[in-house]
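**Student:** Sequence:
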Amino acid sequence: MRLVHDPDGAARPLATEVEYAESILEQGRGLMFRSSIPDDYALVFPFNRASRQFIHMLFVRFPLDVLWLVDEEVQAVETMQPWRSVGYATADTVIELPSGAASDVSEGDTVRLES
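The numbers in the UniProt record's numbering rise by one with no breaks, and the one at position 43 of the sequence shown is 43.
Think of the hints as simulated: they come from the structure by calculation, not from any bench.
Ideal Cβ positions, reconstructed from N, Cα and C, are used throughout, including at glycine.
Heads up, a few of these hints could be off.
Pair by pair, the computed Cβ-Cβ distance ranges are [what the hints assert, rightly or not]:
1) 9 to 84: 36 to 46 Å
2) 9 to 83: 18 to 28 Å
3) 28 to 49: 10 to 20 Å
4) 11 to 84: 28 to 38 Å
5) 46 to 12: 17 to 27 Å
Build out the structure end to end from the sequences listed, making use of the hints.
**Tutor:** So this is what it looks like as structure tokens:
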């Protein structure tokens, strides 16, 4: 499975190593306490419906790019700093990536998972 950014019909992979945080426990833990993640990694938080989704960086040791999506459309993009950032936006899916991985992603772009 891979995560693909498709802003204008020219899809490019954002990540080829995709992990899901589906349970409440997995979503609550996120990337806390990890020392690093691979450059081609994405952690996907799927939710049942679009609603305000908060992400915090407490106990996360490295910066992340975070995407908030509704029906594969990017609603917000933010680079978050270790230990001190908090972000939120409406989303049915939140994706955490290594810092810099989403540098070309903008609000309104399409980001989708492919098998």
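**Student:** Against each hint, give a clear statement of whether it holds in the structure.
**Tutor:** Against the structure, the hints:
no.	hint	result
1	9 to 84: 36 to 46 Å	38 Å, holds
2	9 to 83: 18 to 28 Å	39 Å, violated
3	28 to 49: 10 to 20 Å	19 Å, holds
4	11 to 84: 28 to 38 Å	34 Å, holds
5	46 to 12: 17 to 27 Å	22 Å, holds
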